[in-house]
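Participant: With the sequences and hints as input, model every part of the structure.
Listed here are the chains, written in short residue letters.
Number of protein chains: 4
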Amino acid sequence: MKKTKIVNDPVHGFITVRSPLVYSLLEQPCVQRLRSIKQLGLTHLVYPGACHNRLQHALGATSLMERALDVLKSKGHTIDKDEFDGALAAILLHDLGHGPFSHTLELSIVDVHHETVSMLLIEQLNRQMNGALDAAIEIFSKRHRKQFLNELVSGQLDMDRLDYLRRDSFFSGVVEGMVGLERIINMLDVDDDRLVVEAKGLYSVENFLISRRLMYWQVYLHKTVLSAEHVMNMILRRARYLVGNGDKELFASPALAFFLNNRLNADEFAANPEALANFALLTDSDVECAASVWTQHRDRVLSLLCRMLLHRRLPRTELNAEPFEQWMVEDKKSLVRRKLKLTDEESDYFVCSRMVSNTGYSTAHNQILIKNRNGSLNDIYDASDMLRHSNFNEETHKYMLCYMKEQFFSD
Amino acid sequence: MKKTKIVNDPVHGFITVRSPLVYSLLEQPCVQRLRSIKQLGLTHLVYPGACHNRLQHALGATSLMERALDVLKSKGHTIDKDEFDGALAAILLHDLGHGPFSHTLELSIVDVHHETVSMLLIEQLNRQMNGALDAAIEIFSKRHRKQFLNELVSGQLDMDRLDYLRRDSFFSGVVEGMVGLERIINMLDVDDDRLVVEAKGLYSVENFLISRRLMYWQVYLHKTVLSAEHVMNMILRRARYLVGNGDKELFASPALAFFLNNRLNADEFAANPEALANFALLTDSDVECAASVWTQHRDRVLSLLCRMLLHRRLPRTELNAEPFEQWMVEDKKSLVRRKLKLTDEESDYFVCSRMVSNTGYSTAHNQILIKNRNGSLNDIYDASDMLRHSNFNEETHKYMLCYMKEQFFSD
Amino acid sequence: MKKTKIVNDPVHGFITVRSPLVYSLLEQPCVQRLRSIKQLGLTHLVYPGACHNRLQHALGATSLMERALDVLKSKGHTIDKDEFDGALAAILLHDLGHGPFSHTLELSIVDVHHETVSMLLIEQLNRQMNGALDAAIEIFSKRHRKQFLNELVSGQLDMDRLDYLRRDSFFSGVVEGMVGLERIINMLDVDDDRLVVEAKGLYSVENFLISRRLMYWQVYLHKTVLSAEHVMNMILRRARYLVGNGDKELFASPALAFFLNNRLNADEFAANPEALANFALLTDSDVECAASVWTQHRDRVLSLLCRMLLHRRLPRTELNAEPFEQWMVEDKKSLVRRKLKLTDEESDYFVCSRMVSNTGYSTAHNQILIKNRNGSLNDIYDASDMLRHSNFNEETHKYMLCYMKEQFFSD
Amino acid sequence: MKKTKIVNDPVHGFITVRSPLVYSLLEQPCVQRLRSIKQLGLTHLVYPGACHNRLQHALGATSLMERALDVLKSKGHTIDKDEFDGALAAILLHDLGHGPFSHTLELSIVDVHHETVSMLLIEQLNRQMNGALDAAIEIFSKRHRKQFLNELVSGQLDMDRLDYLRRDSFFSGVVEGMVGLERIINMLDVDDDRLVVEAKGLYSVENFLISRRLMYWQVYLHKTVLSAEHVMNMILRRARYLVGNGDKELFASPALAFFLNNRLNADEFAANPEALANFALLTDSDVECAASVWTQHRDRVLSLLCRMLLHRRLPRTELNAEPFEQWMVEDKKSLVRRKLKLTDEESDYFVCSRMVSNTGYSTAHNQILIKNRNGSLNDIYDASDMLRHSNFNEETHKYMLCYMKEQFFSD
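Protein chains in written order, with the numbering used here: chain R, 490 to 900; chain H, 490 to 900; chain L, 490 to 900; chain D, 490 to 900.
Treat the hints as calculated values from the structure; they're not laboratory data. Positions of the beta carbon are idealized from the N, C-alpha and C atoms, including for glycine. Don't take each hint at face value.
With beta-carbon atoms standing in for the labels, derived distance ranges [claimed, not checked]: (1) Ala766(D) / Thr493(R): 42 to 52 Å; (2) Glu834(R) / Arg616(H): 37 to 47 Å; (3) Lys631(H) / Gln896(D): 42 to 52 Å; (4) Asp600(D) / Ser823(L): 15 to 25 Å; (5) Ala810(R) / Tyr512(H): 41 to 51 Å; (6) Met618(R) / Val560(D): 26 to 36 Å; (7) Tyr512(H) / His566(L): 45 to 55 Å; (8) Lys564(D) / Thr505(L): 40 to 50 Å; (9) Glu763(D) / His592(L): 51 to 61 Å; (10) Arg616(H) / Gln896(D): 51 to 61 Å; (11) Asp820(R) / Glu687(L): 24 to 34 Å; (12) Asp868(H) / Glu516(L): 34 to 44 Å; (13) Gly735(D) / Tyr730(L): 32 to 42 Å; (14) Glu763(D) / Ser823(L): 36 to 46 Å.
Facilitator: This is how it looks when you write it as structure tokens:
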């Protein structure tokens, strides 16, 4: 076995894997499965370059973690080998529980958040590896006594975010989303076991927050992406409906069929070993292949939804600061009902009105601490003259109405 | 309908689609299908970033075509609207006939080259579009009387190659594969209806040829990629064997099942409309989803091959200037037979010895003409002092031996 | 004469100069002079890559102008050839009046803002070119009746800023300063002769404003840059003092000597043709060469300052939200006086306390108008939920204290 | 004093200076002087972005050296602290002896190669630093017993070349010159104290050689650059002629004046401490400032040449595989003589016919050794099927004729 492995990453350049633990984790089937899960779900329908997968991101975040830990050590903070490897493993494995198309179908295949699934898979791995992931589990579950290790995996400035923002910017071509991750990592420090940022890094952190906001609205919550996500969710809902109504022959891989037949909540999922086993087999291809087959299905609702998605004949989406009025929604439904000769219930699949939130970057529960030259600490919302009086910190809501375009019916 | 569409491509920046013909082609299901076919097949197993798809490439090549045509027009060459649109459509559609994982499975699913399938699909489209693709077909089939249009689609310096080299370099992170496409495109000219390059562009064309060569050996024919491709081909061979031997229940999408049940040559394919219809439904996900299901199949050969691929436990590959001796091959086979308790026939799936050629960049049949200041023309092999005496122009052969690693058996 | 000229710009790629007017302007000595004036003055002392010059920037901004005008034309706005060329010429020439090291010595060589000098030089050119720059002058002086042309040259979203932010980010390596100029330019529109931005471009404009802010504090007003700028200004002040006190032999090029001997305000400058002639000869090299010679000068203040600058032994700089107290300033002065055995007056050159403002990005006088889908207009400070309640719009002041490091005396 | 210094380099990203020796060398005036010497002389007249300086390059090469030494150490080769620091210092200082505009004026200001001057300056520094540079001097003069250290500073694959090719490609915008330096550095190894490259790096090294060739002809020996370099050399020749003929008042900095008055060969230069002292003060600005003043000089030859250079009215240059015939040269001379009313001798300044060689990449004296899997070594000219039969290894000669354009006289 080679001592080190070098991976050529278009985002960070050559990544050298030095840790034997990381090396052996990369050989695990549940890690390799991340190759087949697109980082940004259906975003490539709008930004065609955004077809990168979760494995790249996991590897990239791991390499940033190594850099960050090296910076902290060079500033005099003790991080022993176990903690070092634990932090690397925790970030490498943090997304293990993502299902097909990442966030797109979250809660749609199983009623369980991906972090919960990640934890179940990491614990399973840990049993196979005789406790090699004990430290990683402490860190991943935010229970490590050196809080900064937890924060490097999941916090306002964690390596997850630094990697995904830079990577998503790179692959989508949204150049203005580029964050100054080298500078931020170099400015990291530890104070009383918490992660802090030297004051010199203030502008880079401001820029990071703004870039994240931009990426949210310009990419992650792009209205055409939302529209496609809606369609894919409706496809699964309809498939489950058909299965529930006796369609025994609906094409699906066994793993997908399991979840179409069983709608599990978190407790049921945790209690049923078959559920985790099936989940660990599911990738984008199970859903995509099924949707492709279903384009020929005799159920008009299902086949139409699948064709809309795969042929990119997506519904129109409007975003608004205020909720859409009910009559507008009804209007759209009645149009589709009339044009496509659908029942009331069926028309529900083709019109969607809901709230969209950028909860992802809200900082309510988690601070970024800025360390001044004199050693005192400030929350960034006090330290930054730009953010201080803004309402940047609040969650933003928009309202979305998604419905069929007129031209759709005329084609 | 909007007049223009702007697409954000990480490689070329903002691409503006101005041609209504291109716009309407982009809405065709058979074009959208290219989204689900990875440009570089299994290369992402070595270069994790290389997960880009054929649609991006088609779009990128189309945008380069527009630039090239604009350059030629600015140099005084007449290109009428039909020819302009025809060239754009021809390059957009040139890869329509690729099957799952692009070249990886070429001739493995059907015994037909992808260009042949492209032509069948373009002709089908043309019938639906009432002849709108007549010019594109002339160009794609190299029968247009303005030979340079044919050459821009398929020639030594076509827009296909310029795009894929730059794009594959970008996504794989192999920065030294970067070609100077802006310079080359600006140096294009036409002489007596043939595509030529101004002498000032000589070094860029040399560099382009060398970069292509580098990309071949470093990326396209990387030995680990060859190894993975071998495994995927063996998976399909075994699946077909099982189906041929009566496995009625082998999981597969209907489209994939069609080809597992029917091994068609070019004539049979062309004669059978069902074949084309099924092919047009096949994407990476059909194969990937099936392989994932087959990891659990009771046939040990099939399930083992699928696990090798999906868990990235790939065979070792050696490349050699000389063919491997038969006893070495037999040695490897007998080892795997003994270790895995296989029959002689079964061991065939796990050992492979064959020739690998970089035919892709051989220039035997197609020149690059350099136009000197005085208007005279030279083949680049005469014009370039570097290439003149080299054997660059020859096809290179290497020999590959692919077999199970010892450690594989001990795990 | 060639019809078009292609310039290879590392920032924007190949720039094609198509306008004969631009082509002939590029051949003017006063335009070529911009090659010898660094865009960012002394910033390369902190960011070594930032050694780009004003000519590159002028050319880059001109190419963005061409793109912007093309976008506006494609949206149905009439821009005739004169206006088109006028806008190109205006942006190409807008920085003609910069003196050595750009902003570093602004008001230090002559008491005239660079825009005023630009106008004098453009008018001089216009006379030589028989009025070819009439439209450019109207636009440059903000008197063109199509206000959006004026705004494209000088406004909140002018091509000057778009180019310099991207360029300065590129050369300094401050990647997070990268603005999404392709998106912004594509979102430009005209309403009632004013420049507006489509609502879809809102996030990119927000990002542009934040990036500009970041570039200000991280690069343009970096404290070590401020420190070097202070030293260079003191060098000129001392040289002028020596000349004023009878040093007839102080080394200087004739052009520099003219300004050391004559301190002109705007009126005097405009009235004296010799002044403009001399100014048009001055470049970075006049100042740099003199400073190099002066490192050997017998006046200790001058030679010390010159060595500090050229050997990069820069004073320490502190930035503060509040003004520094007078006793601190006096303290620093008394230290340098004692250590270097200077008079009170002489110590003034080595300590500096002043206010620093980022007036550059304050938007008090000039709006960015966002055009909603329904055609209504909003100021970006109303349109952006992020900026609305922030005090982003206000000019920020910091206070700077610049003084000799202790270690300086011990070397 | 800070322990480490981080420099933001647009080419390599954040560079961390960890070695105290490197840190203190960066503070030396003779190192800081490199800031004011453009890496590529007058190349920015063709590639406007190419205005980077020698200090950046020195720093970049030093950071690559650190990476290379780390790679070699990780492969088990012993490099002690003295050797490590010595190699860093040697590469940092290797270009110390460059004069104004780097190669442009080499042998024109003094008759001494820049390496010789570098050595004199390094030895001077070493005396000031009490022998801290002993190891660096051994390495720089190729006398270190660990030959690979010498080769890393000056050899076919030295850190100098890796940095300058990547950097010159970056700043000029000639993207196809990009070399895969990360891969090459990772493939470095040591065999019997010589630097070798693992066979896996073969294609990257081939690409490196081709990119270098491309950069030579496309950038370094671009004919317009040659033309400008000719003019600058003629300016110095004329200035020296005027000084030699009694022009006591020709404007020049004292350091430049010294060399106009004294034409020294290597022995004279080494014997005269004043010569080295003056040389160490000379930068681009001495020459540029003088040329600017001389545009107004009463000697028509001098002022014309200076205006040609500074206003970029450059002579036309032709490159040819064969020498130009004498009558063609005479023809051009007689034209300029007639048009400008010059003497025979004076016309010599305006016409130039000479040989141009790309000696830079000839590998006659220095191999690149490829280390095969079995440990055997091959010269790359045997290992590479592409280079084996090419005449790549030979020095290429072209012939250049440089003369005034017709339009020049008509302006």
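Participant: Could you work out which earlier hints the structure fails to respect and list their numbers in ascending sequence?
Facilitator: Numbers 4, 5, 7 and 9, in rising order.
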